[in-house]
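J.: Each chain, written out:
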Amino acid sequence: MRYLLIGNPNVGKSSVFNLLTNSYAHVGNYGGITVESKLGKFIHGEIIDLPGTYSVCPNSEDEGIVTYSLINEKYDGLIDIVDSTHLKRNLHLTIQLLELGVPTFIVANMTDELEYSGRKLDISKLSNYLKSPVIPISAKTKSGIEDLKSRLSKVVSSEALQLYYGNIIELAINKIMPIIDKLHLNPRFVAIQLLEGNTELFKNLEKGKQDEVKKIMSDTETEVIKSGTALSVKGAIFNTRREFIDKVVKESLLVTSNKNHKKLLNHKIDRIVTHPFFGLIIFLLVMFSIYFLTFDFLGTILSDYIDVFLTDYFSPFLKSLLLNMGLSETGIFMSLILDGIVAGVGGVVVFIPQMTILFLILAVIEGTGYMARVAIMLDTLLSKFGLNGKSIVPLVTGIGCNVPAIMATRTIADKKERNLTILITPFMSCSARIPVYALLASIFFEKHQALVIISMYVIGTIVALLAAKLLSLSIFKDKANNFILEIPPYRIPAFKNVYRHTKMMVKDFIEKAGKFILLGTVVLWFLQYLGPNGSNVNPEESFLALIGNFFAPLFIPLGFGSWEASSSLVVGFLAKELIYSNMIVIYGGESAISGVFNPVSAYSFMVFSLLYLPCLATVGTIHQETKSTKFTLITLLFTFTVAYIVTLIIYNIGNLLF
Amino acid sequence: MKTIFDMHVGETGTISDMKAIDLKKRHRFMDLGIAPNAKLVLLKKINFNNLYIIEVDDVEICIRQADAKNILVQI
Ligand SMILES: Nc1nc2c(ncn2[C@@H]2O[C@H](COP(=O)(O)OP(=O)(O)OP(=O)(O)O)[C@@H](O)[C@H]2O)c(=O)[nH]1
Ligand SMILES: [Mg+2]
Chain A
120 MRYLLIGNPN VGKSSVFNLL TNSYAHVGNY GGITVESKLG KFIHGEIIDL
170 PGTYSVCPNS EDEGIVTYSL INEKYDGLID IVDSTHLKRN LHLTIQLLEL
220 GVPTFIVANM TDELEYSGRK LDISKLSNYL KSPVIPISAK TKSGIEDLKS
270 RLSKVVSSEA LQLYYGNIIE LAINKIMPII DKLHLNPRFV AIQLLEGNTE
320 LFKNLEKGKQ DEVKKIMSDT ETEVIKSGTA LSVKGAIFNT RREFIDKVVK
370 ESLLVTSNKN HKKLLNHKID RIVTHPFFGL IIFLLVMFSI YFLTFDFLGT
420 ILSDYIDVFL TDYFSPFLKS LLLNMGLSET GIFMSLILDG IVAGVGGVVV
470 FIPQMTILFL ILAVIEGTGY MARVAIMLDT LLSKFGLNGK SIVPLVTGIG
520 CNVPAIMATR TIADKKERNL TILITPFMSC SARIPVYALL ASIFFEKHQA
570 LVIISMYVIG TIVALLAAKL LSLSIFKDKA NNFILEIPPY RIPAFKNVYR
620 HTKMMVKDFI EKAGKFILLG TVVLWFLQYL GPNGSNVNPE ESFLALIGNF
670 FAPLFIPLGF GSWEASSSLV VGFLAKELIY SNMIVIYGGE SAISGVFNPV
720 SAYSFMVFSL LYLPCLATVG TIHQETKSTK FTLITLLFTF TVAYIVTLII
770 YNIGNLLF
Chain B
21 MKTIFDMHVG ETGTISDMKA IDLKKRHRFM DLGIAPNAKL VLLKKINFNN
71 LYIIEVDDVE ICIRQADAKN ILVQI
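Those protein sequence lines, which keep their order, are chains A and B. Remember, my numbering sits 119 above the position in the first sequence when you count from 1. Remember, my numbering sits 20 above the position in the second sequence when you count from 1.
The shape of chain A in the complex, shown without the other chains (with noise of 0.2 Å):
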């Protein structure tokens, strides 16, 4: 067997995939989490989780990954996960599928939530009208679901559910029948869908039939509005349809308590948080403890032991085994493996607490539903730079790794606005940044580490939002900027998903680091031990050295023109953590650094690793996302450039100051 999981956003999809299956999907507390399938494997054959819809007729890239399942995926049935505190909304698109004929289950989630707002469901009343299979559940009790699970071994094929929608719809559906019938699909969904203007739908069509499809649609379109009944067919076809669900939800939802206790409490909590003095400051509260917790204290702290293990215990017990083994003190695989690989991959082992509790603060916001909030609060001021509220999520994603930031870029509808998002991401300090702020602010400015390090931060988001107004005003003046958004109540983050989650970020990144970065340290290794004129040349006269200087005049105006540095960029552009692993093979330790940098140097090498290039795997992203060529290369040329007069600014004014 095989299922799609299809459903409104943030109505519990991923959580539910969760439970039935052995993989794991990310859940969090706002629509929009999930933006790509994902296929799991449970007891009676597979499931593949989906983006949320709200409809069949795509709006936006990650709607329109479902509409595409939905046409080419091969299935047996539909998993319908509905929200049942909000069922009048989500019986729209539940109504859509079952007009496809195909067995479908219809699993009506947030049973708890619904019992606590006192409220019930008749199931078999609800069961009745939509005549198909419906079950109650709740992914947060577990209730129902093992109910569930032995339902979906097998499918029971169903008939499709008909509305009738009025003459005149009526009719040019059974004009648009026959000249689809080609399609595997349900004549009448599909012409019920092209009539509500679904381009997936309408590409699959060929030239000719497009055009008649096109004729009959602007026909009703005509017939529509001149009859009064709505102001599009669309809205003739969901009137139809909101009838309908008015009396299903009016027979079958059983008010037990007139009393909602926490929509009271959200709206309590969303009167503080969204204040606009108040919220403000709660948000810039919860930005200033992200960066303590992971900078200052905890992190850091953890970070330490880490270090000292690997440098007094690891390392000196390393090469006494060596030793032991009969490698002799000064050999190359000594070096190799003391200078390269221990201090290249060990440095950035250090940074696994950081980084652990960075993705952790990060998983339970947007557990919370605070996300929401923010994108509310930052809207106004975020539109001001051409953005919209919700460009906050991949902001603020961007802040542990960019790559899924690209992504979830997905939601954005406007097409023009997702690529200036896109475009301005890579600004945002990722956390593969961290090893080498960390590096040269704790040799620079050892006692104000913390503020230099938020500092690359900020520095980051006024880089972005500051594009963003210049792209805006240029390249992309005529974009549509759009902000509507369902406000999720807040909800309490379960403790598996975000250790599940926290456990996955870090698990990337340790394997990264023991196959990118180490290869990386290895390389590069190599290429300061060799040079043309052999082997265990002076580093000045290595490979690494002949790419370095290559470079190294385009940064003598940044204040870091030595081959070092520019070799160190380089490489950076593979991962950013390699930037620190060049830095620390090359220069074999902290003492050289304080030698060839001084604090402005050392401040501008740092805002401009910051900014310079997005790293390659989120390149592949940006490609990947945008399926242009051109745009990929415009930005990095974009970064680059913006990258380089900030930090020629920077640099400049650092050495007029100090």
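Mixed in with the good hints there might be a few duds.
[To be verified] Restricting the straight-line Cα-Cα distance to at most 20 Å, the calculated cross-link-like pairs of lysine to any residue (SDA-like) are:
id	chain 1	residue 1	chain 2	residue 2
1	A	261	A	342
2	B	65	A	502
3	A	366	B	56
4	A	534	B	47
5	B	39	A	599
6	B	45	A	183
7	B	59	A	183
8	A	207	B	79
9	B	89	A	294
10	A	294	A	342
11	A	503	B	70
12	A	387	B	69
13	B	89	A	499
Bear in mind the hints are in silico, worked out from the structure with no lab data behind them.
With the hints as your guide, set chain B with the ligands onto chain A.
T.: Structure of chain B with the ligands alone, referenced to chain A:
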């Protein structure tokens, strides 16, 4: 004729017309339940009245002032 923009906080109304909003956006609004004949409550105005939080079909939705001005309501 009143729009959402003119409503008092806590007031309930029924959407009567949204023609002033362009088609694409209107359909987006419709997907979220904001369509003619829908009942709504204005819950709050925030960000110095730049944003309007309304409740439609038990769902809380945040819209911008510019759109609020374009949605006619019958009180
Ligand atoms: N109280 C309660 N909360 C739930 C239940 N199911 C899910 N949640 C919460 O609802 C929120 C959304 O859950 P997800 O599983 O991410 O929802 P989704 O449908 O996958 O969301 P998108 O991928 O963003 O469309 C999370 O905060 C969950 O913890 C439930 O049965 N009861
Ligand atoms: Mg999901």
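J.: Does each hint hold? Answer for all of them.
T.: So, going through the hints one by one against the coordinates:
1. Distance restraint check for residue 261 of chain A and residue 342 of chain A: the Cα-Cα separation of roughly 50 Å exceeds the 20 Å cut-off, and the hinted pair is therefore not satisfied.
2. About 17 Å separates the Cα atoms of residue 65 of chain B and residue 502 of chain A, which keeps this hinted pair within 20 Å; it holds.
3. A distance of roughly 18 Å separates the Cα atoms of residue 366 of chain A and residue 56 of chain B; the hinted pair therefore holds under the 20 Å criterion.
4. At roughly 17 Å between alpha-carbon atoms, residue 534 of chain A and residue 47 of chain B fall within 20 Å of each other, so this suggested pair holds.
5. At most 20 Å may separate the alpha-carbon atoms for a hinted pair to count; residue 39 of chain B and residue 599 of chain A meet this at roughly 18 Å.
6. Taking the CA atoms of residue 45 of chain B and residue 183 of chain A, the gap is near 17 Å; set against the 20 Å cutoff, the hint holds.
7. Taking the CA atoms of residue 59 of chain B and residue 183 of chain A, the gap is near 29 Å; set against the 20 Å cutoff, the hint is violated.
8. Between residue 207 of chain A and residue 79 of chain B the CA atoms are separated by roughly 9 Å; this keeps the pair inside 20 Å, and the hint holds.
9. Only pairs whose Cα atoms come within 20 Å are accepted, and residue 89 of chain B paired with residue 294 of chain A is rejected, the gap being roughly 39 Å.
10. Of the supplied pair hints, the one linking residue 294 of chain A and residue 342 of chain A holds, its CA atoms being roughly 15 Å apart against a limit of 20 Å.
11. For a cut-off of 20 Å, the pair hint linking residue 503 of chain A to residue 70 of chain B stands: about 12 Å separates their Cα positions.
12. The straight-line distance between the Cα atoms of residue 387 of chain A and residue 69 of chain B is roughly 18 Å, inside the 20 Å bound, and the hint therefore holds.
13. Straight-line distance between C-alpha atoms of residue 89 of chain B and residue 499 of chain A comes to about 16 Å, which keeps the hinted pair within the 20 Å bound.
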